[in-house]
Each structure stands twice: as C-alpha cells, then as structure tokens.
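Could you put the whole structure together from the sequences, leaning on the hints where they help?
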Amino acid sequence: MNAPLKTVFDVAAARADFEILSREVYGKTLVYLDNAASAQKPRQVLDAMRDFAASEYANVHRGVHFLSAASTERYEAARETVRRFLNARHADEIVFTKGGTEAINLVSYSWAAPRIQPGDEIVLSVMEHHSNIVPWHFLRERQGAVLRWVDVGDDGSLDADAVDAAIGPKTKLVAVSHMSNVLGTVSPLREIVARAHAKGAAVLADGCQGAVHAVVDVRDLDVDFYCITGHKLYGPTGIGALYAKRAHLKAMRPFNGGGEMIREVGRDMVTYADPPARFEAGTPAIIESAGLAAAIDYLSSFDRAAVAAHEHDLYAYARERAREFNWLRVVGDAPGKGAILSFETEGMHAHDLATILDREGVAVRAGHHCAQPLMERFGTASTTRASFALYNTRAEVDVLIDALAKARKILG
Amino acid sequence: MNAPLKTVFDVAAARADFEILSREVYGKTLVYLDNAASAQKPRQVLDAMRDFAASEYANVHRGVHFLSAASTERYEAARETVRRFLNARHADEIVFTKGGTEAINLVSYSWAAPRIQPGDEIVLSVMEHHSNIVPWHFLRERQGAVLRWVDVGDDGSLDADAVDAAIGPKTKLVAVSHMSNVLGTVSPLREIVARAHAKGAAVLADGCQGAVHAVVDVRDLDVDFYCITGHKLYGPTGIGALYAKRAHLKAMRPFNGGGEMIREVGRDMVTYADPPARFEAGTPAIIESAGLAAAIDYLSSFDRAAVAAHEHDLYAYARERAREFNWLRVVGDAPGKGAILSFETEGMHAHDLATILDREGVAVRAGHHCAQPLMERFGTASTTRASFALYNTRAEVDVLIDALAKARKILG
Amino acid sequence: MDDSLRELYQDVILDHSRHPRHFGVVEGATHKGEGHNPLCGDRVNVTMALDGEGRIADIKFEGKGCAISQASASLMTEMLQGRSVEDAEKLMGGFLHLVKGEETELAGDDRERLEVMAGVSAFPMRVKCATLAWHTMKSALEGGS
Amino acid sequence: MDDSLRELYQDVILDHSRHPRHFGVVEGATHKGEGHNPLCGDRVNVTMALDGEGRIADIKFEGKGCAISQASASLMTEMLQGRSVEDAEKLMGGFLHLVKGEETELAGDDRERLEVMAGVSAFPMRVKCATLAWHTMKSALEGGS
Ligand SMILES: Cc1ncc(COP(=O)(O)O)c(C=O)c1O
Ligand SMILES: Cc1ncc(COP(=O)(O)O)c(C=O)c1O
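Residue numbers (this note's numbering), protein chains in the order written: chain A, 1 to 412; chain B, 1 to 412; chain C, 1 to 145; chain D, 1 to 145.
Just so you know, the hints here were simulated from the structure itself, not pulled from any lab data.
Some clues are possibly wrong.
Listed below are the simulated DSSO-like cross-link pairs for lysine-lysine, each with C-alpha atoms no more than 27 angstroms apart in a straight line [what the hints assert, rightly or not]: (1) C:128 x B:250; (2) A:406 x C:64; (3) D:32 x A:250.
See below:
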C-alpha cells in the first residue's frame, strides 16, 4: 500500500492523476479552486473503489464466505489506515461515519446528550462550520445547554487565552475547528486541549479541513474527539471517521441502532457490542472505505511538508497578486494559516463575481460557507473563496486574477 | 436514462454485466447466493459512479459554478429517480440516507422520539431485522415505550389480523418489514396499513428487501414511511433513502445538524430548512446518489415481473431439490414468499456448513441474519441462507445442492 | 466576453442594482414580507400599502443582495406600483416563466420592460436570485401585514 | 476434497464435537464464565472448581455451537482438568498462536494433543469459533464465580 515517499512535490505529475482537471467548462480549461468544499479524486481512489466492487465485494462481518472475509479484511484495513493517518493508539478508536457532519453528531448524541444538564456550557469559536454548531444548538434547544462563543481577532486568528477565558466550571466541551474552512486559520489546538483539560472539559476538534493540509497526531494533541471527512481528503463521498479516545467510546451509548452494533437482541432487552462496532449500525460504506484508504495512501505517498509548502506558495502568491485590486478585501490573514483566500469585493456581490469567474472556467465558492456566525462577525453576508489543493498551480492563480479583473470591468 | 424495457428476462445477458460473477474462489467458479446481505453491482452502476467522479464532480448545493450545478442536478435527478421507483407523489418526500438502517433511525429520532410518552406502544413483527428493532428498543430504554410483538405462523407468514390485534389505543407506530430477510415472507402491507390507520397508528415499512424483488407503490400502499438501501438494490454502499409522507416530514424535527439543513444559524438561534434538506445534514453521498440512480435504472430496464418470475423459479427449484435431503428443514414457507431459502440442518451447524460450501465456491450466509427474535421464535440460534438475485441460475442451484451433499459427507 | 454574461449583466440591470428604485419601507404598510435566499444568505423585505380597490398604492423593498436580486426587486417594485393585486400575480407568473427560459404569457409593455431579465435563464443557479423579491411580494400579499 | 477442509474437519474434531467431554455444569463451581460469539449467536458456559492450591479440580462446559467451537471446548476441558491456573493461561496463549497460524510455544504432549486444531488457521473467519471457550475460561478465572 505504501509507495515510496516522493520527496520533491511534482505538481504536474500529481495533476495527471486527476482526470477531471483536464476538462473544459464553457470552452475554458477548468480551474478548480473550490477545494475546501470538496476535493477532486485521483484515479488511484476511483480505481481502488471500482476494482474492489468488481472483484472482492460482499457485505462485511458475520459472513463466513470468501468475499465476505475479503471485504471485512479490506474494511478493517481501512480502519487501520485511518488510525495510522491520525496516529491514534488503537484501531478501535476509529469509528467510520458517513462524513464529518455525522461524526460530530455522533459525539453530540452519544457522548454529550446523556451528560448535559440544563446550564451546562459548550464553548465554540465563531469560526465554526455549521456542522460544528447545529449539533450543539440541538442540545441548547432540547436540553438547555448554553453555548459560549469565542471571538477571533480581526485577522481571523484564534487565541488560546480567549478560549481559556470562555471555559468555566460548567463547561463540558470545547468544540473547535482545527482549520477554518473560510479563514484558513489554524487553531492552537494543543494549547486549547491543555487549557480545557486543566479545567475538566473535553475537546472536540473538527478536522475536516485540518487533516487535509497538515500531519495530524491525535496522541500528541491529546484531543478527545477528532473528525475527518473523505470527500475533502481526495477521497469518496459518503464516508468520514471519528477518532475518540477509547475510554470515551467505551462509556458512550449507541447512536444509530441496527445490525452489527448489538451483542444480543431480545424482545424486551438489548445489549450492545463493544466500540467501534457499537457506533457502526447497519451496512457501512464498505466500498467507500477502500476509497478512503486509497486517498490516505495517495496523500501519504507525498512528502506532506512539501505539499504544504506548495499549497502555501499558492496562497502567498494569490494573496500578493490580490493586492493589485484596491476593491478587494481579504478576510482572514492569521499567521500560519492554510491555503484559503476569502475576500469581499467592494460594490460587487460574491455571487455575481462567482458567476463571471465560472464563465472563465474558474470554480470558486461564494456565500456564507456554512459559517453564518463568522459572516456576522465580519459584518458581511457572504464572501468569495478560492481554496487551494495539492494539484493547483501558480498559472491557475493567474487565471483567477485575470478573471477577477474581467469581473471588475463588467460589474465595477 | 430509460433504456427500452426488456420483456423477456435474459439471465445470461444480465450476468455479463456483473464482472465479479466470473471470478473464481479456491479454483471454483463463484456461486454468489448471499444477495440478501448485499447484491453485486453491474458495470452500469460502477461506470456511472466513476464517470461522474472523473468528469462532473463537485459539492452540491450553494455552489454557483458549473461543476457544482452539474452535481446538484445529478443529485436531484437521483432523488427524482427514487421518487419514480417508489411512485411517491413528490420528490421532496424522498430523503437520502446512508442506508436502510439510518432511514429507520431517522424516523425513530425525528418522528417518534418527540412523540412517544411512557407507555406508548410500538408494534413489531418477530421477523424484523435488528435495524427495525433496535431503534425502537432505544425508545423503550430511553423513554419508556412498550414494544408489542406480533408472531408469525409456523410457515413464517404474517397475518394482518394478528397485527391488528396487537394495535391498541396507545399504539403510535407499526414497524414491519415488507419482506423478511430470513424467511422471504412478504407482509400484507396494504392491509396492515389500512388496519393501523383505522386505529390512528402510523406504519413504517422496512423495504430493504421488499423493494428489490417487487414493484413498490407507496401511494397505493398508503404507508407512512418506507425505506430502501442502495447496496441490496445492485447499487453502491453508503446510500439509501427514506420515503415519508410530506406532512410527516414537515412536522418532524431535524436528525443530524450541520450544513445544508439550516435556514439560518446565529449564536443563540437556529432555524431549519424545509424537507428534504432538513434531514440531509452535511455533504451527502453525492457520487453514490448517481450510483443508486444507475442501479434503479438498471433494474427498471428489465420487465420486473419477468425478473420476479425468474427469481421465483430459482427458489422453487432450490426448494424442490432440497427435499432430497431428509436432514434439511426449511424455515419459512409462506405463500407468495420471495426468493430466500433459509434452512436448518440436523447435526450440522450452519457455520460448518457455510465453511464447506465456501470451499466449493458457494457463498451463503450462516448465522442469525440480524434477526435474533426470529431465531428464538423458531427455536434455533442460526440458519443457513441462500438468497437469490436476478443474475442467479438453476445451474448455480445445482452447485449448491451438490455442495450440500458433500458437506453432509464430511460432517454428517 | 461571453455573450450570455453580457446579456445577464446588461446596463439596465447594473443600473437598477446600483440605483434601486423604490428602496425603503412603506410607512403604514398593509402588507409585509421577508424573503431569504439560502444560497447566499441574502435577504429582502417587501412592504406594500394596498388601497380600497385592491391596488398597490405603494410598494418598496429593502435588503442587500447580488446585482440580479437587487435589479429584479427594483424592477418589480417599479412595475407593480399602482397595479392591481391580480395584475401582480399575473406578472409574477409570467416573470417566473421568463427567467426559467420557458414560454411566457407576458405581453406588450410588461414583456418589454421585463425582457432585460431574460438573460438569467442561461444561469440556472441564479434563477433563485431573480425570483426572490417576487416570491416575497407574493407571500406578503398572502400573509398580510 | 479440499485438503484444508479435511484438516479442519478431521475425525478427532468431529468426534469431540459429537461426543463432547466434560459437558455439563460443575456443581459448587468456584468460577463461572459465559461466552458469546457475535458471529453466529453461539454461546458457551464454562464452570470450574478450583482447589486450595490453585488447581482446576473440575471443569465443564455447556452450550451449542459449531463443530469447531464444540470440539475446542471439549478438548480444552479435557486438557485443563487437574492443571494449575498458571498452566491454563500458558496453554491458552499457545493455543491462540496455534489457531492463528503463528509460532506457538506449545510443546510436548500439549502440543501434540492441540495440534488437531491447527487446521483452523487456514480459516480466519473461524478462529473466533475455536477461541470462544478459551476466552470464556479466562474470563471465568478472572471474574470468579
Ligand atoms: C430487512 C432489512 N432491513 C434493514 C436492513 C439494514 O439495511 P442497511 O444494511 O442498508 O443498513 C437489512 C439489511 O441489512 C435488511 O435485510
Ligand atoms: C470545517 C468543516 N467542518 C465540517 C464540515 C462538514 O463535513 P461533511 O461535509 O463531510 O459533512 C466541513 C465541510 O463541509 C468543513 O469545512
């Protein structure tokens, strides 16, 4: 599975793995800069899924026959791949989910809901994605939890002291994204965890963006819960994973009920399987697990630091070139931030801009990016966002900049 | 999308669509008879997913750019395909889920949980799959619901009168499988619905098996909730769907919280989107939705009645040939049942049998089939199950019978 | 430059979006509506005062949004001022067809004035932007103040 | 017939599974355990009476299951009768390695008698069947009665 590490990052070679990147839209070459919404998938991932489905597929677990054994092995090997990717201690600390959103909801329903008393607090940053907000709003609406919000600085940075200040004796959980999908801000996660633990609060890190752009070590971070999603990791849709410390999982009640997650079912009793099975009711995303493992293997085949440097170069170049436009205001400029360029444009609405960029072949996202509290913080309803992946190039940044200039001509 | 209907079912032509069927295991041709656990996928499904991912993929909704629009269109077209497949009135009555299990849990969490008072009753048949039992056990454990069980006859048939008798003034829901995954029994669903409605109870039908083998018309059935799962329908893993009457969906609270399912998110308030978006938090199984649509199109390209007749012929032939063995007792022989042959074998344990069959290339399932209450009803811990799909043949039944005879020689 | 873009962002549209007519709130409105575009989070308010004969004596809108939604709201208010409720509903039906690229029952002067919005039909993802104000107007008429 | 099948279902195994030794419940047991194989729903009970010196004076099992699990339980009880708790744990370690096809520390007579179970290693899905009774015995020793 582990190809030798490529130590210099060769973007042209990587691009060749992504068939979609050579397609055209409206007669222009596609410039895909909507990676924070979802990344494209290399042929290694698509091949892995197709080959698996066409040659080894059956339902997992409980089956005695050859294909079922092969599928089960493949599925559990994917769990081990995720474990390694996050450097979790045990494979049984990895629960497969349908995506990042479900992973957070699992924590909300299975860990938090039975533990939350009215007045208990959950600390959130204002830069959270709705997926790391709404599950906590449920606890507010249904059980009287109190949400305590931590602001970010004007540059979008999140300060561990500010988080610390929000944590009180009634704080049960700190829920914070590892990397913001709008600002690119990378949270001081290790420090936040230390502060939270010192006060007896657990920490959930939303790693849907963070795990894509940097090496994650959940043991070093000492985080209680960490979630990832396949489709942003160059992997398939329909799969994600939750890391949770073994002790947490053991103490958590089930989320969905169904096959595979039980020990015994009677008419008036039911007992549950041990983790991680307890949290994987029903037939899991079997084929997608092979795709996720292939995606992680793909990403891991590169020197991650070289990829990060490449992405940072793209961001820095785009940031620099954006200075040409005095009508463009970048939102989020924290030190060490990831390769996401969000901006407002004076007198031009993000949607009009995105429509014009689209006709130039440039795919960006315009809107609130599922982060309305953050939009409110920056006094806007929407921004335009160009987010970079390993396969993007400086030449694509140039296309973006030219397209922005054109849009200005039309709308300005 | 709609190829002309093939009016005579040509099993050899269909087999050619399933690459995996020509593989060998242990040097023997694969005879895949574990279809009730999960069906194999035709190249039409695998191609649809791969082509989509390699040429049109982006995240759905909220995106202004070309690929996002194309993906959204594809995703919503899949919803329309499911609507048509079930003959639902409106596409917004179809909610995509990660599978059959999640669909039932959605009803349990979003519809039932807020409506169940201690002592309220849920009526279940003893032949339910754990996925249609455990979510109701949750309501028993957490909210004091009472489960009322309806027995099946010795031949495995489910009687509408028996269901009716179990429905009382405190019954909120009748949860029953359309077709049993162990017995093959087809429930008298239309009658059950009429009886339940007459007494003010809603009906959830677990169609994970039923929808595979017969044409479903949720309007004619007048059922309140109906669920399907992709992987048994010759489609991908990681996707399923819930049909629910529009009025139910409108009145239901959200299940998972996250992106796409909100209208507005503030620091101290949240409002939710209309159905079906309200129940589809986060990035959905986008690529899988194209696969599911392709699977439904594939199945619909055949004369369904001809497929059903073919499957029934396989069952009848296997049933007949099984009479050669006086040590084999069939479990489930209800009139009109689907193509599932479950049996006990005197002096031979199902797992030993399945292991020997496996070495002959024959994949069957042995165990409790996620239906422990049913096993208890029939006084056994496990059965062996051969379940037929459209691509199976009489010749494969012969291989099964020969393998059974061999097993008897070894174990008998 | 792409023809469909030129058609979409023609001068009339940009002028309406930059200098929206009937921007504000009708004092003593008899009907109010609030609309929300989940695609972008944009919002629009429509206020109206109906006279005794079911005519829209006054109509205004307020809100922030993209050029399409602003222009559409501005054009709508301009056209509906003084028209009957019945007219408003007919115009809306015709407008929806127009921006979806379907056969439209709009005719004469109405057709001519709304024609500037026809370019939206080449941009399916933007149709909601164009129809937001109209839907809000309709729900205001249905819901009352 | 497949060699690995012949190896798995050799006569000794089938004999043990058809005529299990030490089948039943130890009266006045000092240690009890209940095991459950989620794969098939099979169950096994192990009861033991330990004497003052930490020896297994009596051991029996009860339960239904596949040939592999029954034979394994029968063989286990036969071998552990009269052995020390320490021995039992060592034997278990060796047995687990054996059925997984790994290097095993079993030797001499123990090795010879358990060798009949080595065929399980070619059937990874069945390893749990073979180890069920042993795990149950271990948890009985740990948990007490
Ligand atoms: C009758 C029945 N209901 C529910 C399920 C669960 O569906 P899924 O595996 O898609 O979660 C299955 C299959 O496992 C089934 O056979
Ligand atoms: C920071 C962040 N958290 C959570 C999510 C939700 O993940 P998913 O779309 O896999 O449900 C996303 C992406 O949509 C995200 O960017």
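Against the structure, the hints come out as follows:
Under the criterion of a C-alpha separation no larger than 27 angstroms, the hint pairing residue 128 of chain C with residue 250 of chain B is consistent with the structure, at around 22 angstroms. Restraint check for residue 406 of chain A and residue 64 of chain C: the C-alpha separation of about 23 angstroms stays at or below 27 angstroms, so the hint holds. For the hint linking residue 32 of chain D to residue 250 of chain A, the alpha-carbon distance of about 24 angstroms falls within 27 angstroms, and the restraint holds.
Violated hints for the displayed structure: none, as all numbered hints are satisfied.
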